[in-house]
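Chain W is already provided as a structure; the job is to place chain X on it using the hints.
2 protein chains.
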Amino acid sequence: MSEQELRNAVAAADAAINREDFEQVMRFYADDAMLVLQPGMIARGKEQIREAFRRIAEHFHHSLQVHQPEMRVLMSGDTALVLARAELRAVLGDGQPWQATRRSTYVFRRDPQAGWLCLIDNSYGTDLLDAPA
Amino acid sequence: MSEQELRNAVAAADAAINREDFEQVMRFYADDAMLVLQPGMIARGKEQIREAFRRIAEHFHHSLQVHQPEMRVLMSGDTALVLARAELRAVLGDGQPWQATRRSTYVFRRDPQAGWLCLIDNSYGTDLLDAPA
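Protein chains in written order, with the numbering used here: chain W, 8 to 140; chain X, 8 to 140.
The set of hints was computed from the structure by calculation and includes no laboratory data.
Just to be clear, a hint being listed does not mean it is correct.
On the chain X side, residues computed to face chain W include the following (Cβ under 7 Å) [unchecked claim]:
| hint | residue |
| --- | --- |
| 1 | Asp39 |
| 2 | Ala40 |
| 3 | Thr112 |
| 4 | Leu126 |
| 5 | Leu136 |
Ranges of calculated distance between the beta carbons of each label pair, as one might list FRET restraints [stated by the list, open to error]:
| hint | chain 1 | residue 1 | chain 2 | residue 2 | range |
| --- | --- | --- | --- | --- | --- |
| 6 | W | Glu94 | X | Asn25 | 19 to 29 Å |
| 7 | W | Gln11 | X | Gly84 | 44 to 54 Å |
| 8 | W | Val98 | X | Asp137 | 27 to 37 Å |
| 9 | W | Ala140 | X | Gly122 | 44 to 54 Å |
| 10 | W | Asp85 | X | Arg14 | 23 to 33 Å |
| 11 | X | Thr108 | W | Pro46 | 14 to 24 Å |
| 12 | X | Gly122 | W | Gly102 | 45 to 55 Å |
| 13 | W | Pro76 | X | Pro119 | 37 to 47 Å |
| 14 | W | Pro46 | X | Arg26 | 33 to 43 Å |
| 15 | X | Ala121 | W | Asp39 | 18 to 28 Å |
| 16 | X | Asp38 | W | Ser9 | 36 to 46 Å |
| 17 | W | Trp105 | X | Gln11 | 19 to 29 Å |
| 18 | W | Gly102 | X | Asn25 | 25 to 35 Å |
Listed below are the simulated SDA-like cross-link pairs for lysine to any residue, each with C-alpha atoms no more than 25 Å apart in a straight line [what the hints assert, rightly or not]:
| hint | chain 1 | residue 1 | chain 2 | residue 2 |
| --- | --- | --- | --- | --- |
| 19 | X | Lys53 | X | Ile63 |
| 20 | W | Lys53 | X | Asp85 |
| 21 | X | Lys53 | X | Asp118 |
| 22 | W | Lys53 | W | Ala64 |
| 23 | W | Lys53 | X | Ser70 |
| 24 | W | Lys53 | X | Ser9 |
| 25 | X | Lys53 | X | Asp101 |
| 26 | X | Lys53 | X | Leu124 |
| 27 | W | Lys53 | X | Met82 |
| 28 | W | Lys53 | X | Phe29 |
| 29 | X | Lys53 | X | Ala64 |
| 30 | W | Lys53 | W | Arg117 |
| 31 | X | Lys53 | W | Gly84 |
| 32 | X | Lys53 | X | Arg109 |
| 33 | X | Lys53 | W | Arg79 |
| 34 | X | Lys53 | X | Ala16 |
| 35 | W | Lys53 | X | Arg79 |
| 36 | X | Lys53 | X | Gly122 |
| 37 | X | Lys53 | X | Asp38 |
| 38 | X | Lys53 | X | Leu13 |
| 39 | X | Lys53 | W | Met82 |
| 40 | W | Lys53 | W | Gln31 |
Just so we're clear, the structure is a prediction, and the values are computed from it rather than from any experiment.
Just so you know, even glycine gets a beta-carbon here, dropped at the ideal spot from N, CA and C.
The shape of chain W in the complex, shown without the other chains (with noise of 0.2 Å):
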C-alpha cells in the first residue's frame, strides 16, 4: 500500500513536470530536498529546484516529456529508495527529435501530513561516478 502510494506520487510528479505544473511538481519535493541538475550542478531547497525546472523546460522549447515504466523500490520505515528507468523526449529547436534515457536514484521520505516527499533527486544514478567528483 505504502510502495503503491509512492509510485503514484512519483507517476504524478511525472505528469506535472508533463505539463509544466511547477507548483505542483514542488508538493513533491521536501523544503530542504535537493536535486541534481548534471553532475557538479545542484539546486537545493524548493526554490532553486522550481527555477530549474523552469530553465529546463525553456531549455526543450517546452516539449521535454518524462516517462519512468520502470521501477524499483527499496523501503525502510518512512524512507525509500527508488531505483527508475526514466525515458526523456523532447523537440529540439532546429525540429529535431531528442531522447534519453537515464537510470535514475531518488530518496523519499513519508511526512506524516504530506505523504511520500522527494529527499534527493538525482537522475543521473551511478553515473555520478564516471563524473568528476
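Relative to chain W, chain X alone:
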C-alpha cells in the same frame, strides 16, 4: 565535516567486514535497515543482516575483501544517498581468485547519538532494474 564522517563510517564498515567483525558491522546499520542480498532477496533488520554477512563470509571461504575507492555523497539534511564503486575480491573454494566491481547505492541517516547509520544497502545499484521485479 558531516560528509567526511559519513565517508569514515563507510570505510570503517568495510574494514569490519574484511576482518569479519560482524558485531562491529552491525553498528553501522539502523534497526530497521534492509540489505539487498541478491536481486529479489532481501534481509531486513539486524538479525537477518548479521546472518547474511555470516553466510556471505562462508560462501567466500572467509576470503572476501571489500574496498570502495570511489564515492559520491548526495546529502539532504540528515539523509544521504551514497554512490560507490565497490571492488570485491575473494578466493573461491577451488583456489581460483574471484573479483567483481559493482556500482552501489546506499541510503544513510544521521542519528544524533549513533552518527550515520545505513538504512538501505543495495550494492547492485540501478542494475536491479535489469532483474525481474
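Right, here's what the structure says about each hint:
1. The criterion of a C-beta within 7 Å of any C-beta in chain W is met by X/Asp39, whose closest approach is roughly 5 Å, and the hint holds.
2. The beta carbon of X/Ala40 comes within 6 Å of a beta carbon in chain W, closer than 7 Å, and the hint placing it at the interface holds.
3. Satisfaction of the interface hint for X/Thr112 is found here, the shortest Cβ-Cβ separation to chain W being roughly 6 Å, below the 7 Å cut-off.
4. Satisfaction of the interface hint for X/Leu126 is found here, the shortest Cβ-Cβ separation to chain W being roughly 4 Å, below the 7 Å cut-off.
5. Look at X/Leu136: its Cβ gets to within about 5 Å of chain W, closer than 7 Å, so that hint holds up.
6. For W/Glu94 and X/Asn25, the hinted distance range of 19 to 29 Å is not satisfied, since their beta carbons lie about 40 Å from each other.
7. In this structure the hint that W/Gln11 and X/Gly84 lie 44 to 54 Å apart at CB is violated, the actual value being about 26 Å.
8. For W/Val98 and X/Asp137, the Cβ-Cβ distance of about 30 Å falls inside the hinted range of 27 to 37 Å, so the restraint holds.
9. At roughly 23 Å, the beta carbons of W/Ala140 and X/Gly122 sit outside the given window of 44 to 54 Å.
10. In this structure the supplied range 23 to 33 Å holds for W/Asp85 paired with X/Arg14, their Cβ-Cβ distance being about 25 Å.
11. Distance hint check: the CB atoms of X/Thr108 and W/Pro46 are about 20 Å apart, consistent with the given range 14 to 24 Å.
12. X/Gly122 and W/Gly102 have their C-beta atoms about 54 Å apart, which keeps the hinted 45 to 55 Å range intact.
13. Between W/Pro76 and X/Pro119 the Cβ separation comes to about 40 Å, which falls inside the hinted range of 37 to 47 Å.
14. The supplied range of 33 to 43 Å is met by W/Pro46 and X/Arg26, whose beta-carbon atoms lie about 35 Å from each other.
15. Separated by about 21 Å at the C-beta atoms, X/Ala121 and W/Asp39 satisfy the suggested range of 18 to 28 Å.
16. Taking the beta carbon of each, X/Asp38 and W/Ser9 are about 18 Å apart, not inside 36 to 46 Å as hinted.
17. In this structure the hint that W/Trp105 and X/Gln11 lie 19 to 29 Å apart at CB is violated, the actual value being about 39 Å.
18. With their beta carbons about 56 Å apart, W/Gly102 and X/Asn25 fall outside the hinted range of 25 to 35 Å.
19. For the given pair, X/Lys53 sits about 15 Å from X/Ile63 by alpha-carbon distance, which is consistent with the 25 Å threshold.
20. With a C-alpha separation of about 17 Å, the suggested pairing of W/Lys53 with X/Asp85 holds against the 25 Å cut-off.
21. Between the alpha carbons of X/Lys53 and X/Asp118 the distance comes to roughly 16 Å, so the proposed pair stays at or under 25 Å and holds.
22. Pair hint W/Lys53 plus W/Ala64 holds up; C-alpha atoms about 16 Å apart against a cutoff of 25 Å.
23. A distance of roughly 47 Å separates the Cα atoms of W/Lys53 and X/Ser70; the hinted pair therefore is violated under the 25 Å criterion.
24. Taking the CA atoms of W/Lys53 and X/Ser9, the gap is near 22 Å; set against the 25 Å cutoff, the hint holds.
25. Distance restraint check for X/Lys53 and X/Asp101: the Cα-Cα separation of roughly 32 Å exceeds the 25 Å cut-off, and the hinted pair is therefore not satisfied.
26. For a cut-off of 25 Å, the pair hint linking X/Lys53 to X/Leu124 stands: about 12 Å separates their Cα positions.
27. As the CA atoms of W/Lys53 and X/Met82 are separated by approximately 15 Å, the hinted pair is consistent with the 25 Å bound.
28. As the CA atoms of W/Lys53 and X/Phe29 are separated by approximately 41 Å, the hinted pair breaks the 25 Å bound.
29. Between the alpha carbons of X/Lys53 and X/Ala64 the distance comes to roughly 16 Å, so the proposed pair stays at or under 25 Å and holds.
30. For the hint pairing W/Lys53 with W/Arg117, the CA-to-CA distance comes to about 17 Å; that is within 25 Å, so the pair holds.
31. Between X/Lys53 and W/Gly84 the alpha-carbon distance is near 14 Å, which keeps this suggested pair within the 25 Å criterion.
32. Taking the CA atoms of X/Lys53 and X/Arg109, the gap is near 23 Å; set against the 25 Å cutoff, the hint holds.
33. Proximity of X/Lys53 to W/Arg79 is assessed by CA-CA distance (about 23 Å); at most 25 Å being required, the pair is judged to hold.
34. For the hint pairing X/Lys53 with X/Ala16, the CA-to-CA distance comes to about 17 Å; that is within 25 Å, so the pair holds.
35. A hinted pair counts as satisfied when its Cα atoms are at most 25 Å apart, and W/Lys53 with X/Arg79 qualifies at roughly 23 Å.
36. Taken as a hint, the X/Lys53 and X/Gly122 pair is honoured in the structure, with Cα atoms around 17 Å apart against an allowance of 25 Å.
37. In summary, the hint linking X/Lys53 to X/Asp38 is supported, as the alpha carbons are separated by about 6 Å, within the 25 Å threshold.
38. Straight-line distance between C-alpha atoms of X/Lys53 and X/Leu13 comes to about 20 Å, which keeps the hinted pair within the 25 Å bound.
39. Restraint check for X/Lys53 and W/Met82: the C-alpha separation of about 15 Å stays at or below 25 Å, so the hint holds.
40. Taken as a hint, the W/Lys53 and W/Gln31 pair is honoured in the structure, with Cα atoms around 12 Å apart against an allowance of 25 Å.
Hint check: violations occur at hints 6, 7, 9, 16, 17, 18, 23, 25, 28; the rest are consistent with the structure.
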